[in-house]
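Colleague: Each chain, written out:
6 protein chains.
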Amino acid sequence: MSQLNGEFFHVSVPAPHVYLIQANRAPVNAFNDNVWREYSKVFEKVSLEDEVRVVVLASGLEKFFTAGLDCKSAPHPMFRYRLNNPVDPARAAFHLGHHIKEFQHAIAAPERCPFPVIVATHGIALGLAIDIIAACDVRYAASNTSFSIKEADVGLAADIGTLARLPKLTGNQSLVHELAYSARPFSAVEAKELGLVSKVVEGGRQEVLNAALAVAMNIAEKSPVAVMGTKRLLLHARDNTVADNLDYTAAWNAGMLQTADISEAVASVRRKRKPIFKSMNAQINRKADAKL
Amino acid sequence: MSQLNGEFFHVSVPAPHVYLIQANRAPVNAFNDNVWREYSKVFEKVSLEDEVRVVVLASGLEKFFTAGLDCKSAPHPMFRYRLNNPVDPARAAFHLGHHIKEFQHAIAAPERCPFPVIVATHGIALGLAIDIIAACDVRYAASNTSFSIKEADVGLAADIGTLARLPKLTGNQSLVHELAYSARPFSAVEAKELGLVSKVVEGGRQEVLNAALAVAMNIAEKSPVAVMGTKRLLLHARDNTVADNLDYTAAWNAGMLQTADISEAVASVRRKRKPIFKSMNAQINRKADAKL
Amino acid sequence: MSQLNGEFFHVSVPAPHVYLIQANRAPVNAFNDNVWREYSKVFEKVSLEDEVRVVVLASGLEKFFTAGLDCKSAPHPMFRYRLNNPVDPARAAFHLGHHIKEFQHAIAAPERCPFPVIVATHGIALGLAIDIIAACDVRYAASNTSFSIKEADVGLAADIGTLARLPKLTGNQSLVHELAYSARPFSAVEAKELGLVSKVVEGGRQEVLNAALAVAMNIAEKSPVAVMGTKRLLLHARDNTVADNLDYTAAWNAGMLQTADISEAVASVRRKRKPIFKSMNAQINRKADAKL
Amino acid sequence: MSQLNGEFFHVSVPAPHVYLIQANRAPVNAFNDNVWREYSKVFEKVSLEDEVRVVVLASGLEKFFTAGLDCKSAPHPMFRYRLNNPVDPARAAFHLGHHIKEFQHAIAAPERCPFPVIVATHGIALGLAIDIIAACDVRYAASNTSFSIKEADVGLAADIGTLARLPKLTGNQSLVHELAYSARPFSAVEAKELGLVSKVVEGGRQEVLNAALAVAMNIAEKSPVAVMGTKRLLLHARDNTVADNLDYTAAWNAGMLQTADISEAVASVRRKRKPIFKSMNAQINRKADAKL
Amino acid sequence: MSQLNGEFFHVSVPAPHVYLIQANRAPVNAFNDNVWREYSKVFEKVSLEDEVRVVVLASGLEKFFTAGLDCKSAPHPMFRYRLNNPVDPARAAFHLGHHIKEFQHAIAAPERCPFPVIVATHGIALGLAIDIIAACDVRYAASNTSFSIKEADVGLAADIGTLARLPKLTGNQSLVHELAYSARPFSAVEAKELGLVSKVVEGGRQEVLNAALAVAMNIAEKSPVAVMGTKRLLLHARDNTVADNLDYTAAWNAGMLQTADISEAVASVRRKRKPIFKSMNAQINRKADAKL
Amino acid sequence: MSQLNGEFFHVSVPAPHVYLIQANRAPVNAFNDNVWREYSKVFEKVSLEDEVRVVVLASGLEKFFTAGLDCKSAPHPMFRYRLNNPVDPARAAFHLGHHIKEFQHAIAAPERCPFPVIVATHGIALGLAIDIIAACDVRYAASNTSFSIKEADVGLAADIGTLARLPKLTGNQSLVHELAYSARPFSAVEAKELGLVSKVVEGGRQEVLNAALAVAMNIAEKSPVAVMGTKRLLLHARDNTVADNLDYTAAWNAGMLQTADISEAVASVRRKRKPIFKSMNAQINRKADAKL
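These protein sequence lines are chains A, B, C, D, E and F, in that order. Counting from 118, one number per residue, gives the positions in the first sequence under this note's numbering. Counting from 118, one number per residue, gives the positions in the second sequence under this note's numbering. Counting from 118, one number per residue, gives the positions in the third sequence under this note's numbering. Counting from 118, one number per residue, gives the positions in the fourth sequence under this note's numbering. Counting from 118, one number per residue, gives the positions in the fifth sequence under this note's numbering. Counting from 118, one number per residue, gives the positions in the sixth sequence under this note's numbering.
In short, the hints are calculated from the structure, not lab data. Accuracy of the hints is not assured; some may be wrong.
Unchecked claim - Restricting the straight-line Cα-Cα distance to at most 30 Å, the calculated cross-link-like pairs of lysine-lysine (DSSO-like) are: (1) C:K285 with A:K218; (2) E:K180 with C:K162; (3) C:K316 with C:K285; (4) B:K316 with C:K162.
Unchecked claim - In silico contact screen, one side only, chain C against chain B (beta carbon under 8 Å); selected entries: (5) E124; (6) V128; (7) A209; (8) G214; (9) R282; (10) A297.
Virtual Cβ for every residue (Gly too), placed ideally from N, Cα, C.
Produce the entire structure from the sequences given, and follow the hints as far as they go.
Modeller: Written as structure tokens, this is what we have:
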């Protein structure tokens with residue numbers, strides 16, 4: 118387990134099959150390049166664990182989910198380019214574009230994780246916080262959370278996923294536009310109205326974490342084949358037509374319906390006992406392949 | 118009329134131009150292959166009726182909308198394959214995939230019906246119930262409805278339309294993911310919050326049916342050309358870009374605006390009388406063509 | 118400024134960088150071809166103004182946002198075709214299709230405007246009103262607004278943008294279908310529930326206008342590079358997959374992140390003063406190019 | 118076998134696993150509604166045969182592949198509508214649109230057939246002939262074939278598949294446009310240059326049929342899992358981005374690679390013998406399911 | 118007619134219904150902003166002519182189709198920005214992007230023209246020449262034509278349509294990439310191999326023009342409803358899936374099949390006479406509407 | 118340079134800015150997991166080299182481009198799963214799907230490389246060879262090349278890119294289907310007819326390599342901003358509509374047109390000298406960032 122921990126993220130297993138990733142970069146969980154590179158790697162490692170079935174993402178700091186980009190410590194390479202070198206604008210654009218795509222890819226790690234990722238937010242959640250949250254599956258907020266799509270305040274459009282995902286996640290495009298243009302803070306209640314989160318938990322860090330762990334433990338008891346397939350198909354549905362998704366679903370389930378989990382689930386209902394499912398990675402661990 | 122009735126679905130015309138399809142497979146409206154094949158055929162037949170303009174879908178049973186797939190009576194062919202025959206996994210996948218697509222196609226019947234389909238749900242609505250509801254145009258729930266995306270509980274991802282359509286229908290993707298992973302029951306009020314239904318009617322079967330019939334009777338008085346075109350264009354908009362939909366709309370309405378319904382509608386306003394529109398099928402019945 | 122005014126629309130600048138366009142065609146702001154052609158032109162002109170950063174759209178009439186199409190004064194060319202000339206249906210369709218596309222293009226003017234467009238609705242908002250509102254970025258309604266997707270009542274499907282955009286803007290597809298089929302009036306509160314507007318302002322014309330101007334003034338203080346990019350990327354996200362939008366965003370921001378606005382924003386935070394940004398058009402006015 | 122024959126199409130099995138469908142409606146294989154309804158049904162039945170692996174489509178008439186639509190015998194229902202009944206243009210459009218979609222669906226039958234369909238053309242191939250050919254997988258022409266996209270000569274755009282598929286099949290869009298506008302005849306050699314056919318066989322009906330059967334027999338010896346998957350994935354690739362197709366392919370092959378055909382193929386290479394594969398339908402015949 | 122002529126383009130009607138647009142900006146038909154703005158307007162005007170059915174595009178100069186962008190006379194506004202004003206890179210990008218889109222829109226004029234556009238190329242055809250050609254329907258080249266995708270030689274990617282359209286027009290993506298990277302000249306024969314043109318006419322300007330006019334005159338005799346619909350549907354097919362195009366086609370032809378051209382075409386065949394069709398604009402001239 | 122070499126691939130710089138990658142895994146360049154993992158890494162490293170502008174891919178073996186998958190040495194992990202462990206089919210599918218996606222990603226490395234990749238094929242090129250070739254930009258074949266889409270012969274559909282890319286690259290879909298179903302060998306000449314390669318070079322390994330290097334040296338002299346942008350935009354065009362590509366192009370070039378390469382190119386023409394461009398990576402090396 119310990120080798121899953123990084124410099125900025127701490128991984129634990131508070132319940133069977135439930136992996137908890139907590140950001141721990143005091144004082145405000147600010148993200149520089151090293152932080153988001155580690156963020157992505159932690160998700161990749163957790164996804165390969167033998168017994169993982171659900172992931173919970175939270176902040177280990179009492180007052181901050183994250184204050185977003187780290188503008189202080191080390192200047193962002195995007196800006197060092199132009200500060201230190203009078204570069205050709207096209208060559209600067211080439212490198213900035215490359216950097217943005219790497220950053221987007223890292224923050225999309227929860228989407229690439231085959232298992233559900235539940236995010237529990239509390240306290241201050243600014244700028245990059247929204248990009249991070251939007252890439253998770255299930256989103257809970259403590260009532261003390263204060264959100265803001267802060268980017269417009271620093272002269273840039275939110276390019277790490279907020280603008281890409283928010284219009285697909287929510288049911289009030291007008292509110293999305295207003296919040297993104299104005300960078301004004303919004304509460305957990307407004308976040309729920311917007312559809313950014315699905316539950317407001319009264320309290321702060323501990324309360325929302327408990328609620329997230331509760332739903333995670335519930336999901337961890339289901340068939341991993343069913344849960345993982347559901348994630349894959351829901352993400353596909355977001356970006357495709359109904360007809361294309363139905364076709365993809367048929368291709369996907371043609372293989373997956375041959376699982377033993379279905380007979381186990383049916384048997385458990387008949388015999389009035391809890392079903393026992395195997396994890397996805399336990400039997401055939403992909404890490405073995407990597408060593409080939 | 119009577120020839121529209123099937124073994125499991127009963128068709129009536131409770132008001133002019135309003136066709137009511139009621140599922141009647143006691144005790145719980147469980148669906149096996151025969152049931153969903155008939156379901157599809159009933160919609161096809163109703164769509165060809167001379168005077169049809171709106172369809173209402175409901176359950177004729179007091180306590181159940183539907184409990185979903187019939188796991189008891191006859192084992193589902195998906196599973197018979199593997200139970201009775203040790204078959205090659207690829208050949209099994211070929212046949213399973215074919216079966217899923219046929220099933221999806223049947224449950225999408227309300228979408229292929231050119232006229233609005235209003236579904237009235239009450240009581241227990243599990244598993245396949247959500248696939249069925251999601252393919253209807255207007256969705257009302259009695260306050261006593263208990264929904265559940267039950268599939269994860271039996272080891273499979275909901276592959277008959279729930280996962281394809283829910284992300285397009287609703288405004289809270291986080292809630293969709295949570296409900297699909299956890300299979301937990303949710304109430305009519307939460308269904309409305311989710312955007313799965315647009316109205317919660319206090320009461321049970323009769324109350325929600327009355328509300329659905331009321332809106333159906335209202336729609337039945339409108340120009341069928343306008344209503345049918347609206348359905349076509351809204352479904353197209355769901356799956357296409359705004360630009361593509363506007364172009365399709367122009368192609369569609371270039372023909373449809375030549376209708377006499379517009380002058381009738383304008384005239385009725387001027388003369389302060391109700392407009393009188395013809396049904397779509399009455400004059401040129403497609404059934405005649407089939408006999409050619 | 119005065120040359121921005123048209124016959125039917127009045128333009129003013131109630132606050133720095135905030136342009137207000139008010140419809141003034143008494144008694145009910147009915148739209149004929151001349152009105153929507155001017156509507157589109159006013160937006161194009163305002164978009165080229167040196168100092169524009171935000172646009173507010175409202176009605177100058179006390180009781181009406183707009184009653185929609187002008188069916189009385191001059192018969193719509195669509196119908197003149199068939200009334201005056203017994204024309205070949207295919208040739209009529211050719212010209213009707215062309216006319217619809219021109220009309221759609223005019224009403225989409227707020228989408229083509231590079232700056233945010235905030236619409237403030239009040240009073241009667243029928244038919245074309247919804248097409249107009251749906252093409253704006255941020256949508257506020259006075260509590261006295263009465264909306265209706267009126268088209269079904271006059272025998273046609275709403276083809277100028279309502280059906281194309283509503284399914285993308287809102288989180289309750291069932292309600293969209295019901296409102297579009299039934300043409301029933303709905304209140305500001307229901308519009309907010311639907312996601313058509315993001316704020317209901319207690320009162321009428323003046324109150325909602327004040328609220329819209331307040332948010333506009335807030336946005337006008339942000340970096341125009343950030344705000345304009347945000348609009349572009351959000352509209353792109355609506356119509357593309359997450360992956361495609363992330364790629365487009367990287368291409369877009371590779372150029373935009375080279376702006377001086379970012380250092381200005383960062384500097385202003387450090388020095389605790391308001392940032393000072395340049396407008397997009399001021400320095401390089403495109404009108405000069407046109408004269409080439 | 119005999120029950121596969123229809124009134125207009127004759128089915129035979131000239132080689133193991135190779136089904137030959139020949140059109141036999143003297144004198145010119147003209148298609149009316151009954152003919153294309155049977156065309157579609159023959160493909161559906163053949164697709165369910167126990168031992169089918171490849172299908173060859175040809176004409177049984179010496180001089181005609183097909184002269185296209187049957188304009189003589191029975192007037193097409195499209196036109197009867199307007200000839201016999203002065204109908205509302207919108208209602209006529211509703212029924213015409215429905216009819217076109219049914220017709221398109223029937224002619225697309227070779228695409229829905231899971232097995233490769235090889236078409237052998239000769240003699241006269243006009244109008245609908247091109248729609249039919251374009252929906253097949255592999256296309257051979259006898260050197261005596263004379264093609265024409267005849268529709269422009271009778272006042273309509275080719276709407277049964279020619280215009281939809283040609284731009285995807287060929288590598289000279291300019292030539293496609295010219296041929297579709299001018300309705301001029303083009304030879305087998307020009308068809309090959311265009312990419313409509315991949316082989317010109319010197320001679321007429323018998324020669325091209327022999328060549329098509331030869332390639333069919335070759336394909337019939339391959340693993341049906343490989344061949345059927347190849348067809349599915351190639352058709353998907355035609356209509357999707359490379360990224361989407363790669364993702365679909367992974368979902369598809371995740372199930373299919375579990376087949377025993379791979380070990381059989383590998384073993385046969387090692388042991389220098391012909392591999393022996395099972396057909397897709399033989400073991401688990403879907404017709405059994407239908408009887409459930 | 119004369120009012121169709123511009124400063125740089127000359128319009129004539131060499132045969133009934135055939136409009137010929139010739140570029141006449143000696144010495145090399147170089148394009149500056151004024152030239153492409155007029156180019157677009159000429160197509161718009163010609164499209165509205167009463168009797169237009171086909172358009173032919175050619176150069177009036179003996180040795181040049183076009184040498185592409187005019188780099189000499191007036192510096193391109195894109196570059197004046199940066200030369201004369203040290204501007205913020207983001208604001209420069211905003212205006213450059215706007216300018217590119219206007220330019221692209223102008224060069225796409227042949228695509229927006231509802232009638233077929235046949236381009237006849239000869240002599241030197243560099244850079245923008247390829248963007249122009251690629252937006253036409255049918256493309257003929259004199260054997261003396263020398264083409265080059267010249268843009269890479271001046272430090273930019275061809276952004277006015279060449280890179281967007283070539284991959285869809287041709288059947289050899291490898292050759293497209295090579296020609297676009299290397300900017301090397303290629304002959305008419307190689308252009309035909311590539312699929313950029315469909316016919317190489319031995320000779321120069323006059324010979325290729327005669328060939329283009331011959332095919333134009335042939336097309337001009339067909340039903341304009343059929344030809345115009347064919348263009349619309351082929352362009353739609355290029356950018357959409359087969360399924361989407363078939364659906365669009367059904368919507369389009371549901372209106373168009375009600376034309377009298379079909380009975381006229383059928384009657385002419387029976388009576389062995391030439392059919393007589395009306396032009397699209399003659400009866401209902403859209404220019405009248407504009408005056409409203 | 119030497120650190121670019123791997124175990125199976127050798128990298129050299131035969132001309133300024135031209136990087137040559139040669140596969141050297143005697144006797145037949147068979148690919149196992151280690152080989153394709155290194156293949157991907159070599160491309161990533163070369164893409165970051167200071168002076169890279171064009172990449173050439175070839176085989177260092179005299180008789181083989183590649184014989185495809187290595188079926189002999191180590192059994193493919195796909196098959197080890199099932200051989201050694203009787204695993205649940207759904208869990209096997211999960212891991213197989215993951216493995217296919219990793220493999221596809223590795224073989225797509227030339228597409229992710231920002232610079233043109235020219236592939237020179239000769240000798241035997243089977244199975245995976247086609248997946249590899251299809252992901253390169255410019256494709257040349259020695260006349261002695263023998264190709265085959267071999268996968269159908271071993272019981273699987275070609276899932277590493279052949280089926281995804283071939284339909285987009287070529288202009289004869291019928292031939293693609295035939296070759297993929299039949300696995301028959303095809304010559305360099307047929308490959309050119311198909312559009313898989315754009316040039317057949319008389320001879321073998323050395324001859325085709327010389328031809329590829331010649332075109333690479335030509336491209337290496339062009340503006341890297343122009344060439345790299347051209348690649349990006351052509352790949353985008355392959356997978357998007359013309360309208361979407363034009364919009365993306367405008368966003369891309371809005372930044373890129375600010376390059377100094379354009380003035381350098383223009384100046385060099387005026388002064389009749391060769392232009393001197395900087396490489397993309399030289400000035401701002403991304404490897405520095407990685408160390409941050």
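Colleague: None of the hints should be skipped; say for each whether it holds.
Modeller: Outcome of the hint check:
no.	hint	verdict
1	C:K285 with A:K218	holds, 26 Å
2	E:K180 with C:K162	violated, 42 Å
3	C:K316 with C:K285	holds, 18 Å
4	B:K316 with C:K162	violated, 44 Å
5	E124	violated, 26 Å
6	V128	violated, 26 Å
7	A209	holds, 6 Å
8	G214	holds, 4 Å
9	R282	holds, 6 Å
10	A297	holds, 5 Å
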